[in-house]
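Student: Fit chain B to the given chain A structure using the hints.
Number of protein chains: 2
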Amino acid sequence: MQALKEKILAEGQVIGETVLKVDSFLNHQVDPKFTMEIGRELAGRFRNEGVTKVFTVEASGIAVAVAVGLHLDVPVVFAKKKKASTQDAGFYYSGVHSYTRQESVNIYVSSKYLNSNDVVLIIDDFLALGEALRGMVDIVKQAGARLAGVGIVIEKAFQKGGEALRLEGVRIESLAAIKKMSTGNIEFC
Amino acid sequence: MQALKEKILAEGQVIGETVLKVDSFLNHQVDPKFTMEIGRELAGRFRNEGVTKVFTVEASGIAVAVAVGLHLDVPVVFAKKKKASTQDAGFYYSGVHSYTRQESVNIYVSSKYLNSNDVVLIIDDFLALGEALRGMVDIVKQAGARLAGVGIVIEKAFQKGGEALRLEGVRIESLAAIKKMSTGNIEFC
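Protein chains in written order, with the working numbering: chain A, 12 to 200; chain B, 12 to 200.
The shape of chain A in the complex, shown without the other chains (with noise of 0.2 Å):
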């Protein structure tokens, strides 16, 4: 998505060899007109793929997937990194490790939201080692629904985490994939 791309080269800032800093329009800032931009193009990729659900974790993915589930005219989920306290029995959890904040946490669904008869698009802000992936991939299976794919608004490809994730048979479909970053200097693939 070139917008996007050139939205990445004005406003996103390198730090260190991993981190790409993007806030003032994706994840603390958030540009309303350019996450629906983001979530028709989004959509539009996997709009003959019988979607019933879009499926994403609080709180940065939030956004772009309410613009994805309006596009596609179906409810949005989002998984909670807290047990809520009126949660009742039936729910989904799975650990997911943060290695940029060197902690894990588990994420939770209620059962009630995602079941057999669901077919699911995982949308999130970003993928990198994939860790957040995997845990909603994995409450995909716990709840027997079918997996359509995970849509990503920025992937950092050069770390790994999707191409694992493609090997093992899942879509995914990025709408920037970086291939290599430094201070000043970003490369898509």
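No lab work stands behind these hints, which were simulated from the structure alone.
One or more hints might be untrue.
Intra- or inter-copy, both count: the list cannot distinguish identical chains.
[To be verified] The calculated PhoX-like cross-link candidates involving lysine-lysine, where the alpha carbons are at most 25 Å apart (straight line), are:
hint, residue 1, residue 2
1, K123, K16
2, K32, K94
3, K32, K190
4, K32, K92
5, K18, K191
6, K16, K32
7, K123, K44
8, K152, K94
9, K18, K123
10, K123, K32
Owing to the predicted nature of the structure, the values given are computational and were not obtained by experimental measurement.
Tutor: Just chain B now, kept in the frame of chain A:
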């Protein structure tokens, strides 16, 4: 907002005396089209206030905030509950106590995204005791920005958070305000 009240009556689940579960359309599963309707309605109430930023806190306020931002055509900023590993020096933070979870967290906003030129509309899914809202109002003050007001999807009016803030001069618009509730019974103001 009549459609919202009907949806709360149809799908809401009252647990104990203070918890209203609306996770089928608002804060776990999200109905994107309905979220856009909510956004349009809240945006309309602040249309003439010269709002430059919509402000919320992760996670469940994000979907509605983006819908409001889209209708007002301004950026959305969401406060984070953890300081980002990539957070630079300049940020505001404020402490928020959650009575539901019996814990206190800080919420963080980069000073790049709120400043003294901003006119801020705070958006959240729920208003109960007003703790999260007070944290956000505090951050708007720290930024030297003007607070246009607060837009809330569901206010549990019997918990008095809104009443206290209105007495302090904050304009709060709630799309559905609940006077009292118990199992199987919800009474709007």
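Student: Hints the structure violates: just list their numbers, smallest first.
Tutor: none
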